[in-house]
Amino acid sequence: MGTNRRRVIAGETTPAIHECMTPRRSVQPVGLITFTALDDVIAYLRHRRRNTRAVYVTDNPFLSRIPQASRVLSYQRFLDAVADVDSLDTISLQRAFITDEFISELCKYWLDGKFPNLSQLNLNYNLISDDGFVTLAECVAELPTSSPPLKLWAVSQLRPTTSASDEAMLNALRKNPRIVQMNINWRKGSCADEANDIINERQTHFNAGLDNLKSALLEIQSQTPNLKVFRLADNPALSNIMSHAGSDADEEEPFDIMPTLSLLAKNTHLNTLELPGNGLDTVFVNFFFNSVVDDGAFRSVRHLNLENNRFNISDISAIVSLVDVHHAFAGEANPCALIPFESLRLSGQEGMTDTDEIEMNRDSILSKFIYNQSLTDLTLDISENAMQELRLYLERNEKKGRCRVSVCCINQIGSPSASQIRRQSSMVKFSGSADKENILASPTPKARFLFSPQSPMEKQSSNVDTIDDVMAMVARESPLIEDFTIANSGFLCCLHHTDAIKFTRGLISLLAYNVQLHTIALTNCGVRDSFVDALISSREAENFPNLYVLDFTRNSLSDDGVIRLLESPLFHLKVIRLRHRSNSCSVYTGTLVLSCLKKQHRGQLRVFEFDFDNAALQERADIIIKKLALK
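In terms of full-length UniProt numbering, the sequence shown opens at residue 1 and continues consecutively.
These aren't lab readings, by the way, just hints derived from the structure by calculation. Careful, some of the hints might be misleading.
Pairs of lysine to any residue, SDA-like flavour, derived with a Cα cap of 25 Å [said to hold, decoys possible]:
{"id": "1", "residue 1": "Lys574", "residue 2": "Lys599"}
{"id": "2", "residue 1": "Lys114", "residue 2": "Leu150"}
{"id": "3", "residue 1": "Lys175", "residue 2": "Leu150"}
{"id": "4", "residue 1": "Lys599", "residue 2": "Asp611"}
When you get a sec, could you build the whole thing from the sequences and use the hints?
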(Lines of atoms letter the chains of each structure in order from A and count residues from 1; the text may use other names and numbers.)
(Lines give C-alpha, C1' and ligand atoms only; values in the text may rest on other atoms or scores of the structure.)
Protein backbone atom coordinates (compact mmCIF):
# COMPACT_ATOMS: atom_id res chain seq x y z
CA MET A 1 0.00 0.00 0.00
CA GLY A 2 1.22 3.51 -0.77
CA THR A 3 2.45 5.87 1.88
CA ASN A 4 -0.35 8.33 1.17
CA ARG A 5 -2.98 5.94 2.47
CA ARG A 6 -4.18 6.43 5.99
CA ARG A 7 -6.25 4.16 8.18
CA VAL A 8 -8.21 5.43 11.15
CA ILE A 9 -9.58 2.87 13.56
CA ALA A 10 -12.02 3.54 16.36
CA GLY A 11 -9.95 4.41 19.37
CA GLU A 12 -7.70 6.99 17.74
CA THR A 13 -7.97 10.57 18.89
CA THR A 14 -10.74 12.87 17.75
CA PRO A 15 -8.49 15.18 15.66
CA ALA A 16 -7.39 12.17 13.60
CA ILE A 17 -11.00 11.23 12.97
CA HIS A 18 -11.81 14.78 11.94
CA GLU A 19 -8.85 14.79 9.59
CA CYS A 20 -10.29 11.78 7.80
CA MET A 21 -13.73 13.30 7.38
CA THR A 22 -12.56 15.33 4.38
CA PRO A 23 -13.67 14.29 0.86
CA ARG A 24 -12.22 11.25 -0.88
CA ARG A 25 -12.75 8.85 2.02
CA SER A 26 -13.89 5.38 1.20
CA VAL A 27 -14.75 2.42 3.41
CA GLN A 28 -16.18 2.78 6.91
CA PRO A 29 -16.89 -0.58 8.52
CA VAL A 30 -15.34 0.22 11.91
CA GLY A 31 -13.40 3.39 11.18
CA LEU A 32 -12.45 5.37 8.09
CA ILE A 33 -9.85 4.49 5.49
CA THR A 34 -8.88 5.92 2.14
CA PHE A 35 -7.77 3.58 -0.62
CA THR A 36 -7.64 4.33 -4.32
CA ALA A 37 -7.03 0.81 -5.69
CA LEU A 38 -9.60 -1.98 -5.92
CA ASP A 39 -7.22 -4.60 -4.51
CA ASP A 40 -6.56 -2.48 -1.41
CA VAL A 41 -10.28 -2.01 -0.77
CA ILE A 42 -10.96 -5.74 -1.17
CA ALA A 43 -8.08 -6.64 1.14
CA TYR A 44 -9.34 -4.27 3.82
CA LEU A 45 -12.91 -5.55 3.58
CA ARG A 46 -11.74 -9.12 4.03
CA HIS A 47 -9.58 -8.11 6.97
CA ARG A 48 -12.49 -6.37 8.75
CA ARG A 49 -15.30 -8.69 7.72
CA ARG A 50 -16.08 -10.10 11.18
CA ASN A 51 -19.06 -8.65 13.06
CA THR A 52 -19.30 -5.61 10.79
CA ARG A 53 -22.73 -4.29 9.89
CA ALA A 54 -22.01 -1.24 7.73
CA VAL A 55 -19.80 -0.73 4.67
CA TYR A 56 -19.35 2.81 3.35
CA VAL A 57 -17.61 3.35 0.00
CA THR A 58 -18.20 7.06 -0.34
CA ASP A 59 -16.62 9.81 -2.48
CA ASN A 60 -14.08 7.37 -3.89
CA PRO A 61 -13.27 7.05 -7.60
CA PHE A 62 -11.59 3.63 -7.54
CA LEU A 63 -14.50 1.99 -9.40
CA SER A 64 -14.16 4.50 -12.25
CA ARG A 65 -10.49 3.61 -12.78
CA ILE A 66 -11.20 0.01 -13.71
CA PRO A 67 -10.54 -0.72 -17.43
CA GLN A 68 -13.67 -1.33 -19.48
CA ALA A 69 -12.56 -4.80 -20.55
CA SER A 70 -12.27 -6.09 -16.97
CA ARG A 71 -15.00 -4.01 -15.38
CA VAL A 72 -17.60 -6.76 -14.86
CA LEU A 73 -15.03 -9.15 -13.37
CA SER A 74 -13.77 -6.40 -11.06
CA TYR A 75 -17.31 -5.60 -9.93
CA GLN A 76 -17.78 -9.27 -9.07
CA ARG A 77 -14.56 -9.35 -7.04
CA PHE A 78 -15.63 -6.27 -5.09
CA LEU A 79 -19.13 -7.64 -4.45
CA ASP A 80 -17.67 -10.97 -3.33
CA ALA A 81 -15.66 -9.11 -0.69
CA VAL A 82 -18.71 -7.13 0.42
CA ALA A 83 -20.84 -10.29 0.58
CA ASP A 84 -18.27 -11.90 2.89
CA VAL A 85 -18.83 -9.20 5.52
CA ASP A 86 -20.70 -10.73 8.46
CA SER A 87 -24.02 -9.25 9.63
CA LEU A 88 -24.02 -6.71 6.81
CA ASP A 89 -27.15 -4.54 6.85
CA THR A 90 -25.94 -1.20 5.42
CA ILE A 91 -24.15 -0.41 2.15
CA SER A 92 -23.42 3.19 1.19
CA LEU A 93 -22.06 3.81 -2.32
CA GLN A 94 -22.62 7.55 -2.47
CA ARG A 95 -20.55 9.29 -5.18
CA ALA A 96 -18.74 6.05 -5.98
CA PHE A 97 -19.19 6.23 -9.79
CA ILE A 98 -21.81 3.48 -9.79
CA THR A 99 -23.07 2.66 -13.31
CA ASP A 100 -25.87 0.52 -14.73
CA GLU A 101 -23.38 -2.35 -15.15
CA PHE A 102 -22.60 -2.31 -11.45
CA ILE A 103 -26.32 -2.20 -10.56
CA SER A 104 -26.88 -5.28 -12.72
CA GLU A 105 -24.16 -7.24 -10.90
CA LEU A 106 -25.33 -5.99 -7.49
CA CYS A 107 -28.88 -7.17 -8.19
CA LYS A 108 -27.66 -10.64 -9.21
CA TYR A 109 -25.85 -11.03 -5.90
CA TRP A 110 -28.81 -9.65 -3.98
CA LEU A 111 -31.32 -12.02 -5.56
CA ASP A 112 -28.93 -14.94 -5.04
CA GLY A 113 -29.18 -14.35 -1.31
CA LYS A 114 -25.70 -12.89 -0.85
CA PHE A 115 -27.07 -9.93 1.19
CA PRO A 116 -29.80 -11.51 3.34
CA ASN A 117 -29.71 -8.81 6.03
CA LEU A 118 -29.34 -5.75 3.81
CA SER A 119 -31.77 -3.09 5.02
CA GLN A 120 -30.18 0.21 3.92
CA LEU A 121 -28.70 1.02 0.50
CA ASN A 122 -27.39 4.47 -0.43
CA LEU A 123 -26.77 5.11 -4.15
CA ASN A 124 -26.91 8.93 -4.16
CA TYR A 125 -24.92 11.00 -6.69
CA ASN A 126 -23.91 8.30 -9.15
CA LEU A 127 -24.26 7.48 -12.86
CA ILE A 128 -27.45 5.40 -12.89
CA SER A 129 -29.76 5.85 -15.90
CA ASP A 130 -33.21 4.45 -16.74
CA ASP A 131 -31.81 0.97 -17.43
CA GLY A 132 -30.16 0.83 -14.04
CA PHE A 133 -33.30 1.98 -12.23
CA VAL A 134 -35.43 -0.59 -14.06
CA THR A 135 -32.98 -3.36 -13.11
CA LEU A 136 -32.90 -2.18 -9.50
CA ALA A 137 -36.70 -1.97 -9.35
CA GLU A 138 -37.14 -5.50 -10.68
CA CYS A 139 -34.66 -6.72 -8.09
CA VAL A 140 -36.22 -5.13 -5.00
CA ALA A 141 -39.69 -6.13 -6.17
CA GLU A 142 -38.65 -9.80 -6.14
CA LEU A 143 -36.99 -9.80 -2.72
CA PRO A 144 -38.45 -12.42 -0.37
CA THR A 145 -41.00 -11.34 2.20
CA SER A 146 -38.67 -12.58 4.93
CA SER A 147 -36.13 -9.87 4.10
CA PRO A 148 -35.68 -7.00 6.59
CA PRO A 149 -37.37 -3.59 6.06
CA LEU A 150 -35.55 -1.81 3.24
CA LYS A 151 -34.53 1.84 2.97
CA LEU A 152 -33.25 3.01 -0.40
CA TRP A 153 -31.59 6.30 -1.41
CA ALA A 154 -30.78 7.04 -5.08
CA VAL A 155 -31.14 10.79 -5.64
CA SER A 156 -29.21 13.23 -7.85
CA GLN A 157 -27.93 10.88 -10.53
CA LEU A 158 -25.60 12.46 -13.10
CA ARG A 159 -27.24 10.61 -15.96
CA PRO A 160 -30.65 11.72 -17.28
CA THR A 161 -33.71 9.66 -16.37
CA THR A 162 -37.29 9.64 -17.64
CA SER A 163 -40.70 8.59 -16.41
CA ALA A 164 -39.75 4.97 -17.21
CA SER A 165 -37.64 4.84 -14.06
CA ASP A 166 -40.52 6.39 -12.09
CA GLU A 167 -42.95 3.69 -13.18
CA ALA A 168 -40.48 0.90 -12.45
CA MET A 169 -39.58 2.13 -8.97
CA LEU A 170 -43.20 2.84 -8.07
CA ASN A 171 -44.20 -0.65 -9.21
CA ALA A 172 -41.48 -2.13 -6.98
CA LEU A 173 -42.77 -0.06 -4.07
CA ARG A 174 -46.26 -1.44 -4.60
CA LYS A 175 -45.11 -5.06 -4.86
CA ASN A 176 -42.68 -5.15 -1.94
CA PRO A 177 -44.31 -4.20 1.38
CA ARG A 178 -40.91 -4.37 3.09
CA ILE A 179 -39.77 -1.10 1.47
CA VAL A 180 -40.23 1.55 4.16
CA GLN A 181 -38.26 4.37 2.56
CA MET A 182 -37.44 5.27 -1.05
CA ASN A 183 -35.77 8.59 -1.91
CA ILE A 184 -35.29 9.22 -5.63
CA ASN A 185 -35.80 12.22 -7.91
CA TRP A 186 -39.31 11.53 -9.18
CA ARG A 187 -39.98 13.02 -12.61
CA LYS A 188 -43.75 12.64 -12.44
CA GLY A 189 -45.67 14.40 -9.70
CA SER A 190 -48.34 11.70 -9.58
CA CYS A 191 -45.73 9.00 -8.92
CA ALA A 192 -44.12 11.12 -6.22
CA ASP A 193 -47.44 11.66 -4.46
CA GLU A 194 -48.41 7.98 -4.55
CA ALA A 195 -44.97 6.89 -3.35
CA ASN A 196 -45.09 9.41 -0.52
CA ASP A 197 -48.49 8.14 0.60
CA ILE A 198 -47.29 4.52 0.59
CA ILE A 199 -44.12 5.33 2.52
CA ASN A 200 -45.95 7.44 5.11
CA GLU A 201 -48.40 4.62 5.78
CA ARG A 202 -45.63 2.05 6.18
CA GLN A 203 -43.41 4.20 8.37
CA THR A 204 -46.14 4.56 10.97
CA HIS A 205 -45.66 0.86 11.70
CA PHE A 206 -41.86 0.87 11.57
CA ASN A 207 -40.02 -0.15 14.73
CA ALA A 208 -38.20 2.45 16.82
CA GLY A 209 -35.10 2.03 18.97
CA LEU A 210 -31.88 0.93 17.32
CA ASP A 211 -33.45 0.75 13.85
CA ASN A 212 -34.40 4.42 14.09
CA LEU A 213 -30.92 5.30 15.30
CA LYS A 214 -29.27 3.55 12.36
CA SER A 215 -31.72 5.27 10.05
CA ALA A 216 -30.82 8.61 11.61
CA LEU A 217 -27.12 8.02 11.07
CA LEU A 218 -27.62 7.06 7.43
CA GLU A 219 -29.83 10.13 6.96
CA ILE A 220 -26.95 12.27 8.22
CA GLN A 221 -24.59 10.58 5.80
CA SER A 222 -26.95 10.87 2.84
CA GLN A 223 -28.15 14.45 3.46
CA THR A 224 -24.89 16.17 4.42
CA PRO A 225 -24.25 19.06 3.80
CA ASN A 226 -27.92 20.07 3.42
CA LEU A 227 -29.26 19.44 6.93
CA LYS A 228 -30.76 22.46 8.67
CA VAL A 229 -32.58 20.64 11.47
CA PHE A 230 -31.66 17.37 13.20
CA ARG A 231 -33.83 15.83 15.91
CA LEU A 232 -33.42 12.50 17.66
CA ALA A 233 -35.35 12.14 20.91
CA ASP A 234 -35.68 9.51 23.63
CA ASN A 235 -33.31 6.96 22.11
CA PRO A 236 -30.83 5.72 24.75
CA ALA A 237 -29.16 3.48 22.14
CA LEU A 238 -27.31 6.61 21.01
CA SER A 239 -25.59 6.97 24.38
CA ASN A 240 -24.84 3.25 24.65
CA ILE A 241 -22.98 3.23 21.35
CA MET A 242 -21.20 6.55 21.95
CA SER A 243 -19.90 5.25 25.28
CA HIS A 244 -18.03 2.52 23.36
CA ALA A 245 -16.85 4.79 20.53
CA GLY A 246 -13.47 5.31 22.12
CA SER A 247 -12.94 1.71 23.22
CA ASP A 248 -10.36 -0.63 21.78
CA ALA A 249 -10.97 -1.65 18.18
CA ASP A 250 -10.91 -5.33 19.07
CA GLU A 251 -14.13 -4.94 21.04
CA GLU A 252 -16.74 -5.75 18.47
CA GLU A 253 -19.43 -3.08 18.20
CA PRO A 254 -22.43 -3.07 15.85
CA PHE A 255 -21.09 0.03 14.09
CA ASP A 256 -18.90 3.04 14.78
CA ILE A 257 -21.07 6.08 15.41
CA MET A 258 -18.57 8.88 15.93
CA PRO A 259 -17.33 9.35 12.33
CA THR A 260 -20.92 9.47 11.08
CA LEU A 261 -21.99 11.80 13.88
CA SER A 262 -19.03 14.00 12.99
CA LEU A 263 -20.64 14.56 9.59
CA LEU A 264 -23.11 16.86 11.36
CA ALA A 265 -20.25 19.35 11.62
CA LYS A 266 -20.11 19.55 7.82
CA ASN A 267 -23.65 20.96 7.66
CA THR A 268 -22.71 24.63 7.74
CA HIS A 269 -26.37 25.70 7.75
CA LEU A 270 -27.43 23.45 10.63
CA ASN A 271 -29.71 25.72 12.66
CA THR A 272 -31.39 23.35 15.12
CA LEU A 273 -29.88 20.40 16.99
CA GLU A 274 -32.23 18.59 19.37
CA LEU A 275 -31.14 15.44 21.24
CA PRO A 276 -33.35 15.31 24.36
CA GLY A 277 -33.81 12.14 26.39
CA ASN A 278 -30.99 10.15 24.75
CA GLY A 279 -28.98 9.45 27.90
CA LEU A 280 -26.02 11.48 26.61
CA ASP A 281 -23.11 12.13 28.97
CA THR A 282 -19.64 13.66 29.03
CA VAL A 283 -18.60 11.80 25.86
CA PHE A 284 -21.03 13.84 23.77
CA VAL A 285 -20.13 17.12 25.50
CA ASN A 286 -16.44 16.58 24.78
CA PHE A 287 -17.20 15.81 21.14
CA PHE A 288 -19.45 18.86 20.70
CA PHE A 289 -17.24 21.29 22.64
CA ASN A 290 -14.03 20.24 20.87
CA SER A 291 -15.73 20.44 17.48
CA VAL A 292 -16.79 24.03 18.17
CA VAL A 293 -13.60 25.32 19.78
CA ASP A 294 -10.95 23.43 17.82
CA ASP A 295 -12.59 23.08 14.40
CA GLY A 296 -15.08 25.95 14.25
CA ALA A 297 -17.92 23.49 13.64
CA PHE A 298 -21.58 23.83 14.65
CA ARG A 299 -21.28 27.62 14.70
CA SER A 300 -24.52 27.97 12.73
CA VAL A 301 -26.55 26.25 15.47
CA ARG A 302 -28.96 28.68 17.12
CA HIS A 303 -31.31 26.23 18.87
CA LEU A 304 -29.73 23.51 21.02
CA ASN A 305 -31.89 21.12 23.06
CA LEU A 306 -30.06 18.65 25.32
CA GLU A 307 -32.68 18.24 28.04
CA ASN A 308 -33.18 15.07 30.07
CA ASN A 309 -29.73 13.56 29.56
CA ARG A 310 -26.94 12.66 32.02
CA PHE A 311 -24.72 15.74 32.10
CA ASN A 312 -22.91 16.81 35.26
CA ILE A 313 -22.08 20.33 36.38
CA SER A 314 -18.81 20.35 34.40
CA ASP A 315 -20.65 19.37 31.23
CA ILE A 316 -23.21 22.14 31.74
CA SER A 317 -20.44 24.67 32.35
CA ALA A 318 -18.64 23.61 29.17
CA ILE A 319 -21.73 24.02 26.99
CA VAL A 320 -22.69 27.32 28.62
CA SER A 321 -19.17 28.66 28.09
CA LEU A 322 -19.79 28.62 24.34
CA VAL A 323 -21.95 31.75 24.72
CA ASP A 324 -19.22 33.65 26.60
CA VAL A 325 -18.38 36.95 24.91
CA HIS A 326 -14.71 36.52 25.80
CA HIS A 327 -14.24 33.69 23.31
CA ALA A 328 -12.69 34.88 20.06
CA PHE A 329 -12.41 32.55 17.09
CA ALA A 330 -9.26 32.60 14.97
CA GLY A 331 -9.50 35.22 12.25
CA GLU A 332 -12.19 37.33 13.92
CA ALA A 333 -11.34 40.92 14.73
CA ASN A 334 -13.47 41.24 17.86
CA PRO A 335 -14.30 38.81 20.66
CA CYS A 336 -17.73 37.29 20.33
CA ALA A 337 -19.72 34.27 21.40
CA LEU A 338 -18.62 31.09 19.68
CA ILE A 339 -22.29 30.24 19.26
CA PRO A 340 -24.85 33.07 19.75
CA PHE A 341 -27.64 30.74 20.88
CA GLU A 342 -31.25 31.88 20.66
CA SER A 343 -32.52 28.79 22.48
CA LEU A 344 -30.50 26.67 24.91
CA ARG A 345 -32.31 23.91 26.82
CA LEU A 346 -30.30 21.98 29.41
CA SER A 347 -32.74 21.13 32.21
CA GLY A 348 -33.78 17.74 33.56
CA GLN A 349 -30.30 16.19 33.82
CA GLU A 350 -30.17 13.00 35.88
CA GLY A 351 -28.36 13.53 39.16
CA MET A 352 -28.45 17.33 38.98
CA THR A 353 -30.39 17.78 42.22
CA ASP A 354 -27.60 19.00 44.50
CA THR A 355 -28.40 22.69 45.02
CA ASP A 356 -25.11 23.28 46.87
CA GLU A 357 -23.11 22.14 43.86
CA ILE A 358 -25.16 24.34 41.56
CA GLU A 359 -24.89 27.37 43.86
CA MET A 360 -21.12 26.97 44.04
CA ASN A 361 -20.94 27.27 40.25
CA ARG A 362 -23.71 29.84 39.90
CA ASP A 363 -21.50 32.85 39.28
CA SER A 364 -19.32 31.11 36.72
CA ILE A 365 -22.39 29.94 34.82
CA LEU A 366 -24.46 33.13 34.97
CA SER A 367 -21.53 35.36 34.03
CA LYS A 368 -21.52 33.80 30.57
CA PHE A 369 -24.91 35.30 29.75
CA ILE A 370 -24.27 38.91 30.79
CA TYR A 371 -23.21 40.16 27.36
CA ASN A 372 -25.23 37.69 25.31
CA GLN A 373 -27.75 39.62 23.23
CA SER A 374 -29.50 36.79 21.41
CA LEU A 375 -30.57 34.19 24.00
CA THR A 376 -34.26 34.33 24.90
CA ASP A 377 -35.14 30.68 25.63
CA LEU A 378 -33.15 28.97 28.37
CA THR A 379 -33.81 26.02 30.67
CA LEU A 380 -31.34 25.21 33.45
CA ASP A 381 -31.46 23.26 36.70
CA ILE A 382 -30.71 26.23 38.97
CA SER A 383 -31.98 27.52 42.29
CA GLU A 384 -34.81 30.00 42.74
CA ASN A 385 -32.50 32.94 43.50
CA ALA A 386 -30.32 32.28 40.49
CA MET A 387 -33.40 31.93 38.34
CA GLN A 388 -34.59 35.45 39.27
CA GLU A 389 -31.20 36.92 38.46
CA LEU A 390 -30.97 35.13 35.14
CA ARG A 391 -34.46 36.11 34.09
CA LEU A 392 -33.40 39.78 34.02
CA TYR A 393 -30.94 39.10 31.21
CA LEU A 394 -33.46 37.11 29.22
CA GLU A 395 -36.21 39.71 29.62
CA ARG A 396 -33.80 42.34 28.35
CA ASN A 397 -33.31 40.32 25.18
CA GLU A 398 -37.04 39.66 24.87
CA LYS A 399 -37.74 43.42 24.77
CA LYS A 400 -35.64 43.61 21.63
CA GLY A 401 -38.28 41.75 19.68
CA ARG A 402 -37.39 38.22 20.63
CA CYS A 403 -39.76 35.40 21.53
CA ARG A 404 -40.65 33.78 24.86
CA VAL A 405 -38.69 33.43 28.09
CA SER A 406 -38.43 30.02 29.73
CA VAL A 407 -36.31 29.45 32.84
CA CYS A 408 -36.52 26.25 34.86
CA CYS A 409 -35.54 26.32 38.53
CA ILE A 410 -34.39 23.29 40.50
CA ASN A 411 -37.74 22.54 42.17
CA GLN A 412 -39.52 22.35 38.83
CA ILE A 413 -37.57 19.43 37.41
CA GLY A 414 -39.92 16.82 36.06
CA SER A 415 -42.84 19.21 35.74
CA PRO A 416 -44.40 19.89 32.34
CA SER A 417 -42.82 23.35 32.19
CA ALA A 418 -39.36 21.92 32.71
CA SER A 419 -39.34 20.18 29.36
CA GLN A 420 -42.07 21.52 27.13
CA ILE A 421 -40.28 20.52 23.98
CA ARG A 422 -40.11 16.80 24.86
CA ARG A 423 -42.90 14.96 23.09
CA GLN A 424 -43.44 11.46 21.75
CA SER A 425 -40.80 8.82 22.31
CA SER A 426 -38.35 7.55 19.69
CA MET A 427 -38.89 10.55 17.42
CA VAL A 428 -36.62 11.12 14.44
CA LYS A 429 -37.18 14.19 12.27
CA PHE A 430 -35.06 15.91 9.65
CA SER A 431 -35.24 19.08 7.61
CA GLY A 432 -33.34 19.46 4.36
CA SER A 433 -31.94 22.39 2.45
CA ALA A 434 -33.73 25.64 1.78
CA ASP A 435 -36.01 26.10 -1.20
CA LYS A 436 -33.80 27.04 -4.12
CA GLU A 437 -36.61 28.59 -6.10
CA ASN A 438 -36.92 31.31 -3.48
CA ILE A 439 -33.19 31.96 -3.72
CA LEU A 440 -33.12 32.21 -7.49
CA ALA A 441 -36.35 34.16 -7.94
CA SER A 442 -34.87 37.51 -6.91
CA PRO A 443 -36.76 40.56 -8.25
CA THR A 444 -33.53 42.55 -8.59
CA PRO A 445 -31.52 42.49 -11.85
CA LYS A 446 -28.45 41.20 -9.97
CA ALA A 447 -28.09 37.43 -9.80
CA ARG A 448 -26.40 35.75 -6.84
CA PHE A 449 -26.16 31.98 -6.86
CA LEU A 450 -26.28 30.31 -3.46
CA PHE A 451 -27.36 26.74 -3.91
CA SER A 452 -26.41 23.16 -3.13
CA PRO A 453 -27.87 19.77 -4.18
CA GLN A 454 -31.49 19.10 -3.24
CA SER A 455 -32.01 17.19 0.00
CA PRO A 456 -33.04 13.52 -0.41
CA MET A 457 -36.05 14.28 1.78
CA GLU A 458 -37.62 16.29 -1.03
CA LYS A 459 -39.82 14.57 -3.61
CA GLN A 460 -39.17 16.96 -6.48
CA SER A 461 -35.94 16.84 -8.47
CA SER A 462 -33.28 19.49 -7.97
CA ASN A 463 -32.65 22.24 -10.53
CA VAL A 464 -28.87 22.22 -10.01
CA ASP A 465 -27.89 18.57 -9.81
CA THR A 466 -25.40 18.49 -12.71
CA ILE A 467 -22.90 20.63 -14.59
CA ASP A 468 -25.47 20.98 -17.37
CA ASP A 469 -27.96 22.51 -14.94
CA VAL A 470 -25.37 24.97 -13.65
CA MET A 471 -24.37 26.02 -17.16
CA ALA A 472 -28.01 26.44 -18.16
CA MET A 473 -28.60 28.67 -15.15
CA VAL A 474 -25.51 30.77 -15.89
CA ALA A 475 -26.61 31.19 -19.50
CA ARG A 476 -30.07 32.26 -18.36
CA GLU A 477 -28.81 34.88 -15.89
CA SER A 478 -25.95 36.27 -18.01
CA PRO A 479 -24.74 39.00 -18.40
CA LEU A 480 -26.06 40.26 -15.03
CA ILE A 481 -24.16 37.94 -12.69
CA GLU A 482 -21.96 39.76 -10.20
CA ASP A 483 -21.40 37.04 -7.60
CA PHE A 484 -21.13 33.37 -8.60
CA THR A 485 -21.14 31.22 -5.46
CA ILE A 486 -21.77 27.49 -5.21
CA ALA A 487 -21.20 25.59 -1.96
CA ASN A 488 -21.01 21.84 -1.27
CA SER A 489 -22.13 20.69 -4.71
CA GLY A 490 -20.91 17.58 -6.51
CA PHE A 491 -21.41 18.90 -10.03
CA LEU A 492 -17.64 18.77 -10.74
CA CYS A 493 -16.62 15.87 -8.47
CA CYS A 494 -17.94 13.00 -10.55
CA LEU A 495 -16.68 14.19 -13.95
CA HIS A 496 -13.98 12.20 -15.68
CA HIS A 497 -10.77 14.15 -16.26
CA THR A 498 -11.43 14.74 -19.95
CA ASP A 499 -15.06 15.66 -19.27
CA ALA A 500 -13.94 18.06 -16.54
CA ILE A 501 -11.68 19.90 -18.99
CA LYS A 502 -14.45 20.20 -21.57
CA PHE A 503 -17.19 21.32 -19.20
CA THR A 504 -15.07 23.77 -17.20
CA ARG A 505 -14.03 25.50 -20.42
CA GLY A 506 -17.68 25.82 -21.35
CA LEU A 507 -18.62 27.16 -17.93
CA ILE A 508 -15.80 29.72 -17.95
CA SER A 509 -16.82 30.83 -21.44
CA LEU A 510 -20.35 31.50 -20.20
CA LEU A 511 -19.13 33.36 -17.11
CA ALA A 512 -16.86 35.53 -19.26
CA TYR A 513 -19.94 37.34 -20.63
CA ASN A 514 -20.58 38.78 -17.16
CA VAL A 515 -18.37 41.87 -17.19
CA GLN A 516 -19.41 42.93 -13.66
CA LEU A 517 -18.59 39.54 -12.12
CA HIS A 518 -16.47 40.24 -9.03
CA THR A 519 -16.65 36.94 -7.10
CA ILE A 520 -16.20 33.29 -8.01
CA ALA A 521 -16.60 31.10 -4.92
CA LEU A 522 -16.78 27.33 -5.42
CA THR A 523 -16.48 25.82 -1.95
CA ASN A 524 -16.22 22.03 -1.72
CA CYS A 525 -17.25 21.51 -5.35
CA GLY A 526 -14.42 19.33 -6.67
CA VAL A 527 -12.54 22.15 -8.43
CA ARG A 528 -9.42 20.84 -10.12
CA ASP A 529 -6.51 22.30 -12.08
CA SER A 530 -8.57 22.25 -15.28
CA PHE A 531 -10.83 24.97 -13.85
CA VAL A 532 -7.85 27.18 -13.00
CA ASP A 533 -6.33 26.64 -16.45
CA ALA A 534 -9.59 27.61 -18.16
CA LEU A 535 -9.91 30.71 -15.97
CA ILE A 536 -6.34 31.80 -16.70
CA SER A 537 -6.80 31.31 -20.46
CA SER A 538 -9.95 33.40 -20.38
CA ARG A 539 -8.21 36.17 -18.44
CA GLU A 540 -5.38 36.18 -20.98
CA ALA A 541 -8.11 36.95 -23.54
CA GLU A 542 -8.92 40.05 -21.41
CA ASN A 543 -12.06 38.65 -19.80
CA PHE A 544 -13.05 39.06 -16.11
CA PRO A 545 -11.78 42.65 -15.74
CA ASN A 546 -13.56 43.14 -12.40
CA LEU A 547 -12.86 39.79 -10.75
CA TYR A 548 -11.56 40.49 -7.24
CA VAL A 549 -12.46 37.40 -5.17
CA LEU A 550 -11.56 33.73 -5.74
CA ASP A 551 -12.65 31.19 -3.14
CA PHE A 552 -11.62 27.59 -3.84
CA THR A 553 -11.79 26.33 -0.24
CA ARG A 554 -12.06 22.54 0.25
CA ASN A 555 -11.25 21.51 -3.31
CA SER A 556 -8.71 19.40 -5.19
CA LEU A 557 -6.18 21.86 -6.61
CA SER A 558 -2.71 20.40 -6.95
CA ASP A 559 0.48 22.22 -5.98
CA ASP A 560 1.08 23.06 -9.64
CA GLY A 561 -2.45 24.44 -9.93
CA VAL A 562 -1.90 26.73 -6.96
CA ILE A 563 1.37 28.07 -8.38
CA ARG A 564 -0.17 28.64 -11.83
CA LEU A 565 -3.02 30.56 -10.24
CA LEU A 566 -0.68 32.82 -8.24
CA GLU A 567 1.53 33.46 -11.28
CA SER A 568 -1.46 34.10 -13.57
CA PRO A 569 -2.44 37.47 -15.09
CA LEU A 570 -5.33 37.77 -12.63
CA PHE A 571 -3.68 40.95 -11.33
CA HIS A 572 -6.73 42.52 -9.71
CA LEU A 573 -7.44 39.76 -7.19
CA LYS A 574 -7.83 41.09 -3.66
CA VAL A 575 -9.01 37.87 -1.98
CA ILE A 576 -7.71 34.35 -2.65
CA ARG A 577 -8.92 31.47 -0.46
CA LEU A 578 -7.30 28.07 -1.03
CA ARG A 579 -7.55 26.37 2.37
CA HIS A 580 -8.35 22.71 3.09
CA ARG A 581 -7.12 21.24 -0.18
CA SER A 582 -7.37 17.46 -0.56
CA ASN A 583 -3.56 17.16 -0.62
CA SER A 584 -1.02 18.63 1.78
CA CYS A 585 1.52 21.33 0.94
CA SER A 586 5.22 20.47 0.72
CA VAL A 587 7.91 22.84 1.95
CA TYR A 588 9.05 23.33 -1.64
CA THR A 589 5.56 24.37 -2.74
CA GLY A 590 5.22 26.65 0.28
CA THR A 591 8.44 28.42 -0.69
CA LEU A 592 7.17 28.93 -4.24
CA VAL A 593 3.89 30.33 -2.88
CA LEU A 594 5.79 32.89 -0.80
CA SER A 595 7.84 33.84 -3.84
CA CYS A 596 4.64 34.46 -5.83
CA LEU A 597 3.16 36.61 -3.07
CA LYS A 598 6.20 38.90 -3.18
CA LYS A 599 5.87 39.59 -6.90
CA GLN A 600 4.72 43.01 -8.00
CA HIS A 601 1.57 41.83 -9.78
CA ARG A 602 0.18 40.63 -6.42
CA GLY A 603 0.29 44.15 -4.98
CA GLN A 604 -3.51 44.39 -4.63
CA LEU A 605 -3.87 41.19 -2.60
CA ARG A 606 -5.38 41.80 0.86
CA VAL A 607 -6.58 38.34 1.96
CA PHE A 608 -4.74 35.09 1.27
CA GLU A 609 -5.81 31.82 2.90
CA PHE A 610 -3.62 28.79 2.37
CA ASP A 611 -2.60 25.81 4.52
CA PHE A 612 1.17 25.86 4.94
CA ASP A 613 2.45 22.71 6.62
CA ASN A 614 5.37 24.72 7.99
CA ALA A 615 4.60 27.26 10.74
CA ALA A 616 7.52 29.48 9.72
CA LEU A 617 6.21 29.75 6.17
CA GLN A 618 2.77 30.63 7.50
CA GLU A 619 4.23 33.45 9.60
CA ARG A 620 6.16 34.84 6.64
CA ALA A 621 3.02 34.76 4.48
CA ASP A 622 1.08 36.65 7.16
CA ILE A 623 3.79 39.32 7.28
CA ILE A 624 3.70 39.73 3.49
CA ILE A 625 -0.09 40.15 3.44
CA LYS A 626 0.02 42.66 6.31
CA LYS A 627 2.59 44.75 4.43
CA LEU A 628 0.42 44.70 1.32
CA ALA A 629 -2.59 45.82 3.36
CA LEU A 630 -0.67 48.86 4.64
CA LYS A 631 0.09 50.15 1.16
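Report the numbers of all earlier hints that the structure fails to satisfy, in ascending order. The structure conflicts with no hint, since it agrees with every one listed earlier.
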